[in-house]
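Here the structure of chain H is known, so what remains is to put chain S in place on it, guided by the hints.
If you read the protein sequences in the order shown, they are chains H and S.
Per our numbering, residue 1 is the first one in the first sequence, and the count goes up by one each step.
Per our numbering, residue 1 is the first one in the second sequence, and the count goes up by one each step.
These are computed hints drawn from the structure, not numbers from a lab.
Cβ atoms here follow ideal geometry from the backbone N, Cα and C, with glycine treated the same way.
Fair warning: there could be bad hints in the mix.
Claimed, not checked - Chain S stretches covered by chain H per the calculated footprint, using a threshold of three residues with CB under 8 angstroms from any CB of chain H:
1. 38-46
2. 106-115
Claimed, not checked - Cut-off 30 angstroms, straight-line C-alpha distance, at most; resulting in silico cross-link-like pairs (BS3-like, lysine-lysine):
3. S:LYS105 - H:LYS54
4. S:LYS105 - S:LYS52
5. S:LYS13 - H:LYS54
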Amino acid sequence: DQQVKQNSPSLSVQEGRISILNCDYTNSMFDYFLWYKKYPAEGPTFLISISSIKDKNEDGRFTVFLNKSAKHLSLHIVPSQPGDSAVYFCAARPTNNDMRFGAGTRLTVKP
Amino acid sequence: DAGVTQSPTHLIKTRGQHVTLRCSPISGHKSVSWYQQVLGQGPQFIFQYYEKEERGRGNFPDRFSARQFPNYSSELNVNALLLGDSALYLCASSSRSGTARTNEKLFFGSGTQLSVL
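If we strip away everything but chain S, and leave its shape as in the complex, we get:
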């Protein structure tokens, strides 16, 4: 079975540009989360989507947006890129089946390494 897939694997952009990162969850998973991992730090939560609706948002500026499609894949968009946006962007899916609190674990993709020059 395919795991969480992300594209592209690497990306180089310049300041002020816009970027779109893509994620396909594990088949059957309806919940997708996005995390940013800066070198030397742990992943930081950006967004969580379940059934195409935003269910959670981390402490990131409005330049960051996301959406989830009917097939449960997801896109993360970042506008007006800054040098500080350079990071590994991780997508994770889970088998969460509703809005109730459950002890599900996240399955991560390999990430998209974004470099902003």
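One chain only, chain H, in its complex shape:
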């Protein structure tokens, strides 16, 4: 029952260019979406979130876009930096008590 899907297991971009990470979901009851970043040997760290009443949220180099009709969200990183290289997880909240995570996308930013 994979309600949150990240179909690209990996993405490689050049430093300074835009990174676009995609996420699809199936449950229309999801009303809060988050992106987490994970480095090896560390737990996921919160990056940015968006409520279903919005279609865009921006925080510095990071912007999350939500398309509810398509059940799709994306994370844009501009400009990408080598330190952004990590695994990025998309998450969505179906109830008040848990979050559903995608399988993650490994981003590599090349100098």
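Showing chain S alone in chain H's frame:
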């Protein structure tokens, strides 16, 4: 300020054994959640506790149990370990202040890497 701390960081057990994982939330956080992350997958929800009561449970067998203590720390117990229980177990805390639906985010610890041989 200390983040979410988990112990031990690594653990090796054999099939059929029992394991206890521990978690201390961020100071002031009363909600603790447990997640299992198998290699190549995202974290899967196991339990959520708030004010020492179980508030949510994922699709895991009864071999998995947890509890939360008066100081809001938590333990995850797994009985009769199977090879498939090998995973990174993540604890997360949040500043959730009640049972109302809020847009709080989870703060994760570094996890306990459990290997079952």
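These are the hints, each one checked on the structure:
| no. | hint | in the structure |
| --- | --- | --- |
| 1 | 38-46 | holds (count 6) |
| 2 | 106-115 | holds (count 6) |
| 3 | S:LYS105 - H:LYS54 | holds, 17 angstroms |
| 4 | S:LYS105 - S:LYS52 | holds, 19 angstroms |
| 5 | S:LYS13 - H:LYS54 | violated, 46 angstroms |
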